[in-house]
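S.K.: One-letter residues, chain by chain:
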Amino acid sequence: MSQIQERGSTHVYKVNRISKEEIDSMVALCVYEQPPFCNAACPLKLDTRAMLKAAAAGDFKKALQLYEKIAPFPLILSHGCEAPCEQKCRVCEVGEGIAIRDIEAAVARFGELSRLGGIFKTTKKQSVAIFGSGLFTLFLAGELEKKAYPITVFCAEADEEAYLRAAAPFLDEEAFSLELKRLRRKDIRFCFGSEIGPALYSEKRGDFNVLCASEAVARSLFPQAVCIPELMYCEEEDLVMGCGEGVMDAAFGAKKAALTVDRLAQKLDPRNTRGSEGACDSSLYTDLSEATALRRVERPAEGYSKEQAIQEAKRCIQCHCEECLKSCAFLKHYKKHPGLLGKEIYNNTQIIMGDHQLNKPMNSCSLCGQCSVICPNGFDMAHVCAVARRNMVSTDKMPLAPHEFALLDMLFSNGDAFLCRPQPGYETCKYVFFPGCQAIAIAPETVKAAYLDLCERLDGGVALMLGCCGAICDWAGRYEMEEQTREFLDREFAKLGDPIVIAGCPSCRKELSSHDGLELVGIWDILGQIGLPEGAAKLSRPVALHDSCGARGDAHTQAAIRALAEQLGCQLIDTPYSGDRSPCCGYGGLTAYANREVAAEMTDKCLERSDAPYISYCMACRDRFARQGRESRHILELVYGTDAGAPPDISQKRWNRLTLKNELLRDLWREEPKEMNLPYQLDYTDEARRMMDDRMILTDDVIGVLDGFRESGEAIFDSDSGLMIARRRIGNATFWVAFTREAEDHYLVHRAYSHRMNVVKGQG
Amino acid sequence: MAIERTYYTIDPQGKLQCVKCGVPLEKGKAKFMYLANGFPVELPVCPICGFVYVPEELALGKVASVERALEDK
Ligand code: SF4
Ligand code: SF4
Ligand code: SF4
Ligand SMILES: [Zn+2]
Numbered sequence: 000m001s002q003i004q005e006r007g008s009t010h011v012y013k014v015n016r017i018s019k020e021e022i023d024s025m026v027a028l029c030v031y032e033q034p035p036f037c038n039a040a041c042p043l044k045l046d047t048r049a050m051l052k053a054a055a056a057g058d059f060k061k062a063l064q065l066y067e068k069i070a071p072f073p074l075i076l077s078h079g080c081e082a083p084c085e086q087k088c089r090v091c092e093v094g095e096g097i098a099i100r101d102i103e104a105a106v107a108r109f110g111e112l113s114r115l116g117g118i119f120k121t122t123k124k125q126s127v128a129i130f131g132s133g134l135f136t137l138f139l140a141g142e143l144e145k146k147a148y149p150i151t152v153f154c155a156e157a158d159e160e161a162y163l164r165a166a167a168p169f170l171d172e173e174a175f176s177l178e179l180k181r182l183r184r185k186d187i188r189f190c191f192g193s194e195i196g197p198a199l200y201s202e203k204r205g206d207f208n209v210l211c212a213s214e215a216v217a218r219s220l221f222p223q224a225v226c227i228p229e230l231m232y233c234e235e236e237d238l239v240m241g242c243g244e245g246v247m248d249a250a251f252g253a254k255k256a257a258l259t260v261d262r263l264a265q266k267l268d269p270r271n272t273r274g275s276e277g278a279c280d281s282s283l284y285t286d287l288s289e290a291t292a293l294r295r296v297e298r299p300a301e302g303y304s305k306e307q308a309i310q311e312a313k314r315c316i317q318c319h320c321e322e323c324l325k326s327c328a329f330l331k332h333y334k335k336h337p338g339l340l341g342k343e344i345y346n347n348t349q350i351i352m353g354d355h356q357l358n359k360p361m362n363s364c365s366l367c368g369q370c371s372v373i374c375p376n377g378f379d380m381a382h383v384c385a386v387a388r389r390n391m392v393s394t395d396k397m398p399l400a401p402h403e404f405a406l407l408d409m410l411f412s413n414g415d416a417f418l419c420r421p422q423p424g425y426e427t428c429k430y431v432f433f434p435g436c437q438a439i440a441i442a443p444e445t446v447k448a449a450y451l452d453l454c455e456r457l458d459g460g461v462a463l464m465l466g467c468c469g470a471i472c473d474w475a476g477r478y479e480m481e482e483q484t485r486e487f488l489d490r491e492f493a494k495l496g497d498p499i500v501i502a503g504c505p506s507c508r509k510e511l512s513s514h515d516g517l518e519l520v521g522i523w524d525i526l527g528q529i530g531l532p533e534g535a536a537k538l539s540r541p542v543a544l545h546d547s548c549g550a551r552g553d554a555h556t557q558a559a560i561r562a563l564a565e566q567l568g569c570q571l572i573d574t575p576y577s578g579d580r581s582p583c584c585g586y587g588g589l590t591a592y593a594n595r596e597v598a599a600e601m602t603d604k605c606l607e608r609s610d611a612p613y614i615s616y617c618m619a620c621r622d623r624f625a626r627q628g629r630e631s632r633h634i635l636e637l638v639y640g641t642d643a644g645a646p647p648d649i650s651q652k653r654w655n656r657l658t659l660k661n662e663l664l665r666d667l668w669r670e671e672p673k674e675m676n677l678p679y680q681l682d683y684t685d686e687a688r689r690m691m692d693d694r695m696i697l698t699d700d701v702i703g704v705l706d707g708f709r710e711s712g713e714a715i716f717d718s719d720s721g722l723m724i725a726r727r728r729i730g731n732a733t734f735w736v737a738f739t740r741e742a743e744d745h746y747l748v749h750r751a752y753s754h755r756m757n758v759v760k761g762q763g
Numbered sequence: 000m001a002i003e004r005t006y007y008t009i010d011p012q013g014k015l016q017c018v019k020c021g022v023p024l025e026k027g028k029a030k031f032m033y034l035a036n037g038f039p040v041e042l043p044v045c046p047i048c049g050f051v052y053v054p055e056e057l058a059l060g061k062v063a064s065v066e067r068a069l070e071d072k
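Sequences listed follow chains A and B, in order. Here numbering that gives the first Met the number 0 is used: the first residue of the first sequence is 0, the next is one more, and so on. Here numbering that gives the first Met the number 0 is used: the first residue of the second sequence is 0, the next is one more, and so on.
By construction, these hints were calculated from the structure, which means they are not laboratory data. From a predicted model like this one, the values you see are computed outputs, not experimental measurements. Among the hints, a few may not be true.
[As the list claims (entries may be wrong)] Okay, the calculated beta carbon distance ranges per label pair: (1) B:GLY60 x A:GLU607: 28 to 36 Å; (2) B:MET32 x A:LEU267: 30 to 38 Å; (3) B:LYS61 x A:PRO423: 52 to 60 Å; (4) B:ALA68 x A:LYS537: 50 to 58 Å; (5) A:GLU533 x B:LYS61: 56 to 64 Å; (6) B:ALA68 x A:TYR679: 50 to 58 Å; (7) A:ALA56 x B:GLU56: 48 to 56 Å; (8) B:GLY60 x A:GLN125: 58 to 66 Å.
[What the hints assert, rightly or not] Quick list of in silico lysine-lysine cross-link-like pairs, DSS-like style, CA-CA up to 30 Å: (9) A:LYS359 x B:LYS30; (10) A:LYS429 x A:LYS494; (11) A:LYS52 x A:LYS145; (12) A:LYS52 x A:LYS124; (13) A:LYS494 x A:LYS19; (14) A:LYS305 x A:LYS331; (15) B:LYS28 x A:LYS760; (16) B:LYS61 x A:LYS359; (17) A:LYS673 x A:LYS494; (18) A:LYS429 x A:LYS19; (19) A:LYS760 x B:LYS72; (20) B:LYS61 x B:LYS72; (21) A:LYS313 x A:LYS61; (22) B:LYS19 x B:LYS72; (23) A:LYS68 x A:LYS429; (24) A:LYS334 x B:LYS72; (25) B:LYS72 x A:LYS342; (26) A:LYS19 x B:LYS72; (27) A:LYS305 x A:LYS180; (28) A:LYS313 x A:LYS342; (29) B:LYS30 x A:LYS335; (30) B:LYS30 x A:LYS760; (31) A:LYS760 x B:LYS61; (32) B:LYS72 x A:LYS331; (33) A:LYS760 x B:LYS19; (34) A:LYS52 x A:LYS429; (35) B:LYS28 x B:LYS72; (36) A:LYS185 x A:LYS60; (37) A:LYS760 x B:LYS14; (38) A:LYS44 x A:LYS61; (39) B:LYS19 x B:LYS30; (40) A:LYS342 x A:LYS331.
Positions of the beta carbon are idealized from the N, C-alpha and C atoms, including for glycine.
Just chain A, same shape as in the assembly (with noise of 0.2 Å):
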């Protein structure tokens, strides 16, 4: 039997097909983590989104937390702050936009006071001095505060609630009264009733390390002062110092100039390495149909209470883009942004040394292109992982474990089982039909009516082939085996006259448009034009239709599949996520192969669509809804009046696809094929063969083993269990049976397992 060569762990040589640029520009596509439009215009960058949550939850604890994290202040800020984040919120286009500011106000209200800070906090080395009062110097040395300087702050007013008037003189009572609780916990240094002029300055300037001062003070010092507005900082006195009007400013330059003080104290030029500042702007995608709540909870005067908070900020969408997310089970499964996900798929591939850990969520999507169809910016992580897979080969990377199965079937396919023969009575034929290795293994009864009813339909003669198209190694990134594949089967195409390739399955059709020179149409294209044959009949009840992720951007396909379900009378239920949104059951990519439990959650993702029978024009989707326990029909069971049954195990499929070759051969060709009758008798247990399809054992490895034990003798006897236990090494594997001899020519098998590990005897 045809064998794949396993990687060799020694030799490394880098092969890049995609640059990282091109990665970066695919990722970067994806906006996960971009903010929510909100905090994207809050200069001080609140959390807006986390804050209203926690509001929306009643948990004013942490959303005063969170609020406190950009304003020491937070009463004198919610009642200045001009609030350009509601101006932005998204919910604005549909309705009335969240009242953010109001919410924040009755956060800041009803919050617990922040304990004590200040006792336990490791404070800077370097000190600040601040000279003046105002809103701020206020907030700078809270700011600062919170940072863990030591500051001095030298001002004219008498004492701290001097002070807090002089800084917010629109406060309430209450409002400043709080406020004025929370000054007095900050652990700042006051030197009250200062003189605050030149003479204080130069006294004191060289006691601090960095000095700030207000804009009053600043200009009073030094008139002729520049300010540079972007740093709060006048360079040629190398002084911070505040300018601006309002609330917004005092709180935005304290911000900054929290951050030059950041730098200077550590002797750093100030305009480096500060990062993002201020506004900016977001592409969040945000799903707008979760807005329902359209219109604002009516404030009161005093503002909202406590219970209005709460229902105002339960109308926040909580903007976040997870589009891809709610449709894909691969995603789904491994659950963080989708970006960075492939980003490190990517990077995966990058490794020449040491663990691949991406290796299994990058072999576990199915290629579908899914999300790049919901995605609102069109990310393609089908690109992303094809590519990654195909690097992966060719720097002799790619593990052979996950695919191997998938790779020998299909050597199986156009190898033993491979079939191609013109009509009876041609040489060349106008048409060759190409049902699909999947159709063959799964329903070969319908293949045979589907090629004899084109036979005799069709004019011009239509040839056969039963083989694979070479998607497997495709998806496998096997992209040597793939140019293989097609050499040959445009070798197998020629003999038989070039003729008009009928397609079986959407898969199929794809993967052989990659073919020059190869005309191609669906069989439901040809139904469609020479009508249903005779026997043709719908399902009784209604049905689901599951679009096959090889027909994703082929609204032809799509059309002309519907059609034929309408023709048939079959009574289409309209599923969400259909059309080019469908998403995949689990085949693709060879999912099912190297990760089993997201193929089944892909699967039963697609069952939820719906209660109804399935009917699929993929014989792969058919066959796995079946075995998830649906009513599960492809079009052209229906079509030919067939009933594929219950879903073949693994050998079955190989003996369904030898079997439909050889009976055709025998039947339409007149040739004796070859005999497949085993010189012994060979049962199975239902354990035994429960286990081999569970374990990908096929009956020919079982075979391999008996077939050496009665050449060789050797095995052992287990006296615990009463069984015999021979193995073979066939290809890159070594099987173990376990049987009992039943008679001279008659074993029965119980178990069977493997392992690709050699074992040799040890030296020594």
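Once you've looked at the hints, dock chain B with the ligands against the given chain A.
M.R.: Below, chain B with the ligands alone, put in the same frame as chain A:
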């Protein structure tokens, strides 16, 4: 000489017989090889013909997990 660590050891305890040679299997040295890596182990081995027996639990347990780890190297 480097000391070879033995990664796994299993004793047949007289319950296993070589069908061909008709003698009990004994604990003996063997080696697992995979993707250019080798692991010394002690497994039931026929003292005459050298048949090395890999029990099912070992194949599906330890061996399988080491295979996965090496495949992703
Ligand atoms: S749909 Fe998915 S991939 Fe696209 S932007 Fe949203 S999270 Fe990212
Ligand atoms: S809905 Fe919520 S998260 Fe989205 S922009 Fe409005 S306030 Fe921000
Ligand atoms: S399984 Fe399909 S929808 Fe999901 S990431 Fe892969 S290609 Fe995209
Ligand atoms: Zn022996």
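S.K.: Each hint should be assessed against the structure and marked as holding or not.
M.R.: The hints, checked one at a time:
1. B:GLY60 x A:GLU607: 28 to 36 Å: Because 35 Å falls inside the window, the suggested range holds.
2. B:MET32 x A:LEU267: 30 to 38 Å: For MET32 of chain B and LEU267 of chain A the Cβ distance comes to about 57 Å; the hint is violated.
3. B:LYS61 x A:PRO423: 52 to 60 Å: holds, 56 Å
4. B:ALA68 x A:LYS537: 50 to 58 Å: The hinted range 50 to 58 Å holds for ALA68 of chain B and LYS537 of chain A, with Cβ atoms some 52 Å apart.
5. A:GLU533 x B:LYS61: 56 to 64 Å: Holds, at about 60 Å.
6. B:ALA68 x A:TYR679: 50 to 58 Å: violated, 39 Å
7. A:ALA56 x B:GLU56: 48 to 56 Å: holds, 49 Å
8. B:GLY60 x A:GLN125: 58 to 66 Å: holds, 59 Å
9. A:LYS359 x B:LYS30: holds, 28 Å
10. A:LYS429 x A:LYS494: holds, 12 Å
11. A:LYS52 x A:LYS145: holds, 24 Å
12. A:LYS52 x A:LYS124: With Cα atoms ~38 Å apart, LYS52 of chain A and LYS124 of chain A exceed 30 Å; violated.
13. A:LYS494 x A:LYS19: Not satisfied, since the Cα-Cα distance of roughly 44 Å exceeds 30 Å.
14. A:LYS305 x A:LYS331: violated, 36 Å
15. B:LYS28 x A:LYS760: Holds: LYS28 of chain B and LYS760 of chain A sit about 6 Å apart, inside 30 Å.
16. B:LYS61 x A:LYS359: With a Cα-Cα distance of about 19 Å, the restraint between LYS61 of chain B and LYS359 of chain A holds, given a limit of 30 Å.
17. A:LYS673 x A:LYS494: Status holds; Cα separation ~23 Å.
18. A:LYS429 x A:LYS19: With Cα atoms ~47 Å apart, LYS429 of chain A and LYS19 of chain A exceed 30 Å; violated.
19. A:LYS760 x B:LYS72: Roughly 25 Å between the alpha carbons, so the hint for LYS760 of chain A and LYS72 of chain B holds.
20. B:LYS61 x B:LYS72: OK: LYS61 of chain B and LYS72 of chain B at ~17 Å, within 30 Å.
21. A:LYS313 x A:LYS61: Given pair LYS313 of chain A, LYS61 of chain A holds - Cα atoms ~16 Å apart, limit 30 Å.
22. B:LYS19 x B:LYS72: violated, 39 Å
23. A:LYS68 x A:LYS429: violated, 75 Å
24. A:LYS334 x B:LYS72: Roughly 25 Å between the alpha carbons, so the hint for LYS334 of chain A and LYS72 of chain B holds.
25. B:LYS72 x A:LYS342: holds, 19 Å
26. A:LYS19 x B:LYS72: Satisfied, since the Cα-Cα distance of roughly 22 Å is no more than 30 Å.
27. A:LYS305 x A:LYS180: holds, 21 Å
28. A:LYS313 x A:LYS342: Answer violated: LYS313 of chain A to LYS342 of chain A is near 35 Å, above 30 Å.
29. B:LYS30 x A:LYS335: violated, 41 Å
30. B:LYS30 x A:LYS760: Status holds; Cα separation ~6 Å.
31. A:LYS760 x B:LYS61: It holds: about 18 Å lies between the C-alpha atoms, which stays within 30 Å.
32. B:LYS72 x A:LYS331: Satisfied, since the Cα-Cα distance of roughly 26 Å is no more than 30 Å.
33. A:LYS760 x B:LYS19: Holds, at roughly 17 Å.
34. A:LYS52 x A:LYS429: violated, 66 Å
35. B:LYS28 x B:LYS72: holds, 26 Å
36. A:LYS185 x A:LYS60: Holds - the C-alpha atoms of LYS60 of chain A and LYS185 of chain A are around 19 Å apart, at most 30 Å.
37. A:LYS760 x B:LYS14: holds, 20 Å
38. A:LYS44 x A:LYS61: Within the cut-off at roughly 17 Å; holds.
39. B:LYS19 x B:LYS30: Holds, at about 22 Å.
40. A:LYS342 x A:LYS331: Holds, because 17 Å separates the two Cα atoms, which is no more than 30 Å.
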